[in-house]
Amino acid sequence: MVLEDPTQMNLLGAALLLGVGLFCIMSQNNLIKVVIGLEILAKAAVLAFIALGGASVQGYVIIIIAIEAIVAAVALSIVVNVWRHSGSLDASDITELKG
Amino acid sequence: MLLDDSILVTLIVLLPFISVGVIALMRKMGETVIAGVGVVFSLITAVLVFLLVPDIFGSGATAITESYDWIPSAGIVFGIYIDPLSLLLALIAAGIGFLVMVYSMKYMEGKKGLARYYALVMLFIGAMVCLVLTDNLLILYIFWEIVGLCSYALISFDVEDKKAANAGIKAFVVTRVGDIGLIVGIFLLYAGAITIPGTTVAQAFSIQYLISNAAAIPMQFLALAAFAFIIGAMGKSAQLPLHAWLPDAMEAPTTISALIHAATMVNAGIYVLARMAPVFIQVDGWTTALLYLGGITALVAAIMALVEPDLKRLLAYSTISQLGYMVFAIGLGLGGVFISGFHLMNHAIFKALLFLCAGAIIHSIGTRNMYEMRGLRKEMPKTHIFMLFGTLALAGIPIFSGFWSKDLIFHEAYSLELTIPLILVVLSAVLTAAYSFRMYFLVFGGEGKRREKAHPAPAAMWIPLAILGIGAIISWITVDYFSSGFETFGFADVHAHPIGDFIVDTFSSTAVLLSLLAILLGLGIYSARNSLKQGYISQWIIWAARKGFGFNWLYDACVRVVRWCGRRIRRLQTGDVNINTVGFVLMVLLIFLFLLFQGVI
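Line by line, the protein sequences give chains F and C.
Each step along the first sequence adds one to the number in the numbering used here, with nothing skipped, and position 52 is 69.
Each step along the second sequence adds one to the number in the numbering used here, with nothing skipped, and position 105 is 197.
Just chain F, same shape as in the assembly (with noise of 0.2 angstroms):
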């Protein structure tokens, strides 16, 4: 049974993170929202990571968390930037890159 074994039940969760993560990120129109679903995406890979690797990843999975508090504190910077500059946080209206 699923439930019984640890590593499938985080292997689960890592998947139902992932699912999460990117319906977030799809859906949401609220960067704010967006940099959420960005940060919950990240923490599916690390918890799939534990899932594999065990204790022996500890170290790795510390420093991974670093970084993803390194670039959810760009993100938002940048999400203040793109208020400060157009003073709206609806991704649809920012579309500077459309062909």
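Be aware that one or more of the hints could be misleading.
[Said to hold, decoys possible] Taking lysine to any residue and the SDA-like style, the derived pairs with C-alpha atoms no more than 25 angstroms apart in a straight line are:
id, chain 1, residue 1, chain 2, residue 2
1, F, Lys115, C, Ala245
2, F, Lys60, C, Phe684
3, F, Lys60, C, Ala245
4, C, Lys204, C, Ala245
Don't read these hints as lab results, they were simulated from the structure.
Given the coordinates of chain F, work out where chain C should sit on it, guided by the hints.
Frame of chain F; chain C shown alone:
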């Protein structure tokens, strides 16, 4: 021996790249410091490469092999294999690179971005040396790309000049077509070699393994790879129809032109063909394709050189034409590999000389148009003498270096009874002589108007000229040394040419008549130029050559097609982050399903 071979090789591979980092970090320092450090590093590199000479050209020498693990899990190694062919190219790159560095001290004085300049030149030299020393085709491809990148960055060194920037982009895009040919060829060879039982990944990329197992590689892979490699060489070595980047690259500083034409960039294509010739020789039609490609390129480029008013562009066309000879020589079969290398060396020396002389002239009077030069004989006596040497070598006048290797090509083609290709190269030798004389008399002949700016070349400029000028006269004497080295290493169909026999053989063969005839006819065409210009056919040819035989029109057509497609495809980009993510997720799912059906996961 002062240094162990393996330490020496490691130093040669690492030092240029270390120096790139060091020079790039010296951005804030004074001009002379940057130039000095650059010259010292290139001197050390050249000395280290020259230290390998006794180990490779001694009697009973064997190849120096090294192997550094790079990605062990994928079986990719950085293999080194040094034999006379690779060392010859490395000597040219490091030696001429050093002379160009010395010359640059004065030529580039006062320009902006000197740290960038010297760092890129060192990267250029280092990448070329590694390209020729490596045994692994993947590593070769990486350095091939670095060489391409450096030539792009150095051609558009003067970033504020729109023409230079565009010329750099043109060089990059056009040679990219060739790069695709090369990478496709490398993977075709890999796919063919991996089918041989017991072959590892590292072996399937190893040039020496491919050469010794060439017969076992399935023919369909081999044949496609052979022609893909020709496309690769076409781009790098500027053969028709991918030649048009080279004349435009003349927007670069003249020192860079000398590097690209003599020491690095264009030699890479010839080297790859010469290196892989033992593998591809069994493919039907490969040598014939090279004969016609080289012969036609030599002829067409010589015609374009004949009508070119710009000194540097004329030299660029003459390089294309001479590269045609080298490709042609490889087409003569395995014996031609040595001839090609020999001509490459002679050409590298006299072309570097011609470019550096042209640089001295341009530096002094500030124009590239030959019709505005005239009569520089008295104003720049040293440059005049050395440029004369270079011109005579280019025209193939006996005793000068260009004569010997060109004659060897004629001799080989004549003894193989290749009539039509022979006619192509002899005709281009006629035109080569004609445009050489035209260049010389336009720049130095006649009486020019008095210029106040003209000044003789300073020492940092004329000393490299003197070294190369002597080289243009005597470089052919090394034929003894190089040919016996090639023979020792068992290059098929290459025999040692002892110097005495070489001279006797050269002058007693029928081919020498062709060489002399070409010079006389060339002189005839030059002296009869005014009456020749009146002819109906020659006027038509001149008109077509001035238009570059329509190749630029062909390029423009390609660009228009790409732009037309781009304008339609750009609609797919909405700029909306949600939609982009949906596309990204769909693609990941597709890759996942693909792997699932392939049974990888």
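How the hints compare with the structure:
{"no.": "1", "hint": "F:Lys115 x C:Ala245", "result": "30 angstroms, violated"}
{"no.": "2", "hint": "F:Lys60 x C:Phe684", "result": "20 angstroms, holds"}
{"no.": "3", "hint": "F:Lys60 x C:Ala245", "result": "41 angstroms, violated"}
{"no.": "4", "hint": "C:Lys204 x C:Ala245", "result": "14 angstroms, holds"}
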